[in-house]
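There are 2 protein chains.
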Amino acid sequence: MRDAKLSTEELTQALAKLPDWALREDEAAITRSFRFANFRQAFAFMTECALMAEKLDHHPEWFNVYSRVDVTLTTHDSGGITRRDIELATAMNRASSRPD
Amino acid sequence: MRDAKLSTEELTQALAKLPDWALREDEAAITRSFRFANFRQAFAFMTECALMAEKLDHHPEWFNVYSRVDVTLTTHDSGGITRRDIELATAMNRASSRPD
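Order-wise, the sequence lines are chains A and B. Under the numbering used here, think of the first position of the first sequence as 65, with each following residue one higher. Under the numbering used here, think of the first position of the second sequence as 65, with each following residue one higher.
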């Protein structure tokens, strides 16, 4: 089943709990840039996120160069941001702040 | 030690053996877009490449969305393409064509 796009109010509430995430200019995606100490830590984070993404059946768009991972979350089928993006963003925050 | 940028002749020879890779317009990087059946296979490929990258101590710039992995290889320290990029490109080709 297709998820509904979040309303402006739902989105505002959700983003208040995700202060490190930014709304993309077209308001159809949220983005965050994660920084780590090195490639090894950046890719360990990506691996954990990949497993979560498979479990949630919702996948990030992401760019990695060395210790940096730039993430964009959107729900293509719904043409915007849904609860799945908020779930994945929250899970990625947790994964990034876990001690090694 | 910093690797030397490949000469135009060396680069031409190297790229002749990497027909799926394209020279970026500024000639300072090579790029290839890999396609897989799904995210799982795309990320399995990325994981294998990440291990190789650590071993070679040379890392890709890459973007992933679902089953697609867009790769850019360059040697920042040398300001262009070196033998390390050719080595990593060759290894990534092998990793992408391995049977599951």
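To be clear, the hints were calculated from the coordinates, so they are not data collected in a lab. Be aware that a few hints might be false.
Pair by pair, the computed Cβ-Cβ distance ranges are [unchecked claim]:
hint	chain 1	residue 1	chain 2	residue 2	range
1	A	Asp-141	B	Asp-141	40 to 48 Å
2	B	Leu-87	A	Tyr-130	18 to 26 Å
3	A	Thr-111	B	Asp-84	21 to 29 Å
4	A	Glu-91	B	Asn-157	33 to 41 Å
5	A	Asp-67	B	Ala-101	21 to 29 Å
6	A	Arg-104	B	Arg-66	16 to 24 Å
Positions of the beta carbon are idealized from the N, C-alpha and C atoms, including for glycine.
Hints, one by one, checked against the model:
no., hint, in the structure
1, Asp-141/A / Asp-141/B: 40 to 48 Å, "holds, 42 Å"
2, Leu-87/B / Tyr-130/A: 18 to 26 Å, "holds, 22 Å"
3, Thr-111/A / Asp-84/B: 21 to 29 Å, "holds, 26 Å"
4, Glu-91/A / Asn-157/B: 33 to 41 Å, "holds, 39 Å"
5, Asp-67/A / Ala-101/B: 21 to 29 Å, "holds, 24 Å"
6, Arg-104/A / Arg-66/B: 16 to 24 Å, "holds, 22 Å"
When each numbered hint is compared with the structure, no violation occurs for any of them.
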